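Let chain B serve as the given structure and place chain W on it in line with the hints.
Order-wise, the sequence lines are chains B and W.
Quick note on this note's numbering: the first sequence kicks off at 1 and runs consecutively.
Quick note on this note's numbering: the second sequence kicks off at 1 and runs consecutively.
It is worth saying that the hints were derived from the structure and are not from the lab.
This one's a predicted model, so the numbers in the text were calculated from it and none came from an experiment.
All C-beta atoms in this analysis are idealised placements derived from N, C-alpha and C, irrespective of residue type, glycine included.
Don't take every hint at face value.
[As the list claims (entries may be wrong)] Not the full set, but computed from the structure, chain B residues with beta-carbon under 7 Å of chain W:
1. Glu7
2. Gly14
3. Pro16
4. Ala20
5. Asp26
6. Val106
7. Val108
8. Gly173
9. Asp264
10. Thr445
11. Pro474
12. Asn481
[Claimed, not checked] Here are some of the chain W residues that sit facing chain B, going by a computed Cβ distance under 8 Å:
13. Thr88
14. Ile122
15. Pro249
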Amino acid sequence: MSDTIFELPLEPAGVPRGRAMIERADWAARAFASYDAASVQRIVDAAAAAGAARAQEFAEWAVRETGFGVASHKVVKNLACSTGIAAAYRAADFVDPVVDAAARIVSVPRPAGVVLALTPSTNPVATVYFKILLALLTRNAIVISPHPYAKAVCAEAARTMAEAAIAAGAPDGCIQVVDEPSIPLVNALMTDPRTDVIVATGGSLMVRAAYRSGNPAIGVGPGNVPVLVDASADLAAAAKRIVESKAFDNSVLCTNESVLIVEDAAADRLLDHMRRAGAHLLSDADRDKVRDLVFPDGQVDTRWIGKDAGAIARAAGVRVPASTSVLLAPFDLVVPEEPLAHEKLFPVLGIVRVASAGRGIDAAKAVLRITGEGHSAAIHSTDARTIMEFSAAVRVLRVSVNVGNSLGSSGLSTNLALSMTIGTGFFGRSAVGENLEPKHLVNWTRIAYNSDASVPMADFAGIAPWSAPQGVVPAYPRASNDPGAGSGGGAAATARPDLVEATWPGGELREEIRRLIIDELNAIVRG
Amino acid sequence: MFWSCIGLVFRYGIPLWCCAGLTVTEASVSEHETALDYGFFSFASKAEVLEKSKQFWNPDKTTFWSESGVPLVIDRREDYFIYDVSGTRLIDVHLNGGTYNLGHRNPEVVQAITVAMQHFDIGNHHFPSLARTALAEALISSAPPGLTKVIYGSGGGEAIDIAIKTARHTTQKRKIVSIVKAYHGHTGLAVGTGDDRFSKLFLSDQPEDFPHVPFNDLDAMEDALRGRDVAAVIMETIPATFGFPLPEPGYLEAVKSLCEKYDALYIADEVQTGLMRTGELWGITKHGIAPDILVTGKGISGGMYPIAAVLVSERCAGWLREDGFGHISTFGGAELGCIAALKALEICSRTETRSMVHYISDFVGRGLREIQATYPDWFTGIRQNGVVMGLEFAHPQGAKFVMKRLYENGVWAIFSTLDPRVLQFKPGILLKREVAEELLDRVEVSIAKARNDVLAEAGGLR
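Isolated chain B (complex conformation):
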């Protein structure tokens, strides 16, 4: 409304609406925080299944809306971040109190309350799904502010999960999404005192703003992943894994390999295997054309994010085989003024030859000095000593070994926590150094007994502070003298299980989705 006839500024229309969303979320969080484990499980399963049912549709929509990535790869992420997450945490319990008789401490989980989730354009739907399920698993209300490039698909994705969650008994307003994100709105949401924690995935500026907000924040820094291949590695396997990882979703995951560092002794063989796997080694002249295209004047041109190798090559005027999925751009020196040493969210992989594994470690450190500290690195090696030396030297908090890093560091093809938000810890100016998981959204109240064993400790077995909601939450406000209103104002319980059956996929579909995920993941891991 800035160009109305008025001289005084009018607050952008979405800002007060955003504050209302936080307020509503605060009420929802209060209600949700007393739900019991069985209700939470039912809600999580319902939301996850609803998300999975539209994984394909939203994958295509996301590519259409953002122009980033590969739809079939996004399907994998969308499934992993819906039913995959639900399955991964089926055995976990963020709801019931835990009694440690030996320590004489009882721990009671306490949700954060209102989670403000900022989600990126590169992994839009997967991150929305991921954060919603983390919030539901921990009984938090969540308000999602998606990246403007992906706002439509994210809004629909969030609503899909929200409707299923509500139908399964979740409190009204526990999942909300901003339709028209803007900087003033995001600022207002981040600095709102009712926002209990910000989970920021996105650009550095936004992450730093989250930390400056005055509210608790979990923001993660950017990646710039070095991958070292030493002479001890299974070069054929390494080549295939790196190429597939770099090509996955056209490199939009922040965990994608940025600079390949290879020992001279193995380099020619590795490159030969990579060529067969779909990588194309650029000549120095072609490399310069590609560099000028994607880093004009040394600055990244974001229009190329998530575009495929063929499109980039064509635009640069470089001829490559039709099957090319990754462009290999050789350079010698890892320094800030070399654009190719910076993060590349497109399938252009820098490649640096080094004389030894030791020199390779130095190069990897140099990559991370430019950007990406605290994030991820990868190594392909069979030598424990080299792997340890590398891992203890590079300033990252996860090193994927003998696996593609895109899905390795994000936990899809390693046993790290499956995550769309990679904690960069103190190295990367973040509060969390692990892959974001549900536990990061819950605190525990510790009931601590006198350590003197002669002071008796009560038996807490079977004492549960939480309960299943009675009817819809909140009750519809019927007149207190309405005979259908129960004890004054409260609506009679609705037949929720019927509703749930009607809106979430039944057992067969769920099985089908689960099988689909496992197949997809296996296919990726196998290469």
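This is chain W only, laid out in the frame that chain B set:
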């Protein structure tokens, strides 16, 4: 950010940026008891305000409140808080009948009219107007089906008069039926619909034209309508000043049917039940009733600029086609009021707001029922529909005792003028969770103390 400091900027109702020549300072305001210097005016003390209030304004009212244990002179006001000039903070659950439905000086409403003042004023009531047209369209799109045109008043009383005149013009009949102990305002015609207390004082009772029938009594209503000489029945969806006695299930619906049967119009007075207070934008829609005329006031002003509106069906809009100058009101539909109303209506209509009202209604209702369970012999009943609530106590003047103790404990709620057994309890529709929790804490203690007062001083519970 601009908005986060609005509370400071407008702390004294005066934008500090234009205060250079005025003498409002933190120091002068913090020394309330010795000096109340507001720049526009100043008083030496609260005592002086009360004295001059008696001298120049309303001696009876001024004295009444002091003697009732509510010596309130409101200074600051923000959110759902009002502050006495002594600095005491009160949670407002009176809201002037819903005028402060959105809180005091709701920042969005303040911003809207502040900005609008750069361009608009009251406007000229004769001419088609930008703001009046925009608000009329917004009101009609929000309204129950069948309402097509809007007539503006400067306040609820005038709006009721307009509704009555419209009904009379439409039906060419004079009688207006209302309920015993009704309150629809104190203007010339509206006063006839209400309790005699307010009309006889001014020799303004008009019993022939304004028959009153007992509430919830369908036989009495049918008797009043049977002669087919009634222009309209006017009903508050829940009668506020009577302490919010709830219509028995089916009562309003049956009244509407009787209106149709005997060719009378149904005027829904939604001044206190509209604007999401029952959990729907208009309380009457919860009864599935499409009224012929709907009146809104109080809260539609956003608490910032007086305005009221009458929404009428096409059938009732005859005089607007025949003689549009039939009712003239210089301030009715003042354009700044229209801006405030547009914003208020928008806020009330939000999905988020509706959801919050349901939460607040549920939470406060449960909390009150828990308190009631502790003092069942004293706190005898809860009338509730959304955040419209009447609390019943076991003494004919019970609510006055509770009001006094609430005031001492930081809550402002008013007894029902026409049934002082009942306390009107009207939480705001944007009430924050922690304020709702605090409110219940204060209410519990106050109700307990008032019970002791009645046992000790007022002849016990009855």
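Notebook entry, point to check: Tell me, which hint numbers fail for this structure?
Noted result: 2, 6, 7, 9, 10, 13, 14
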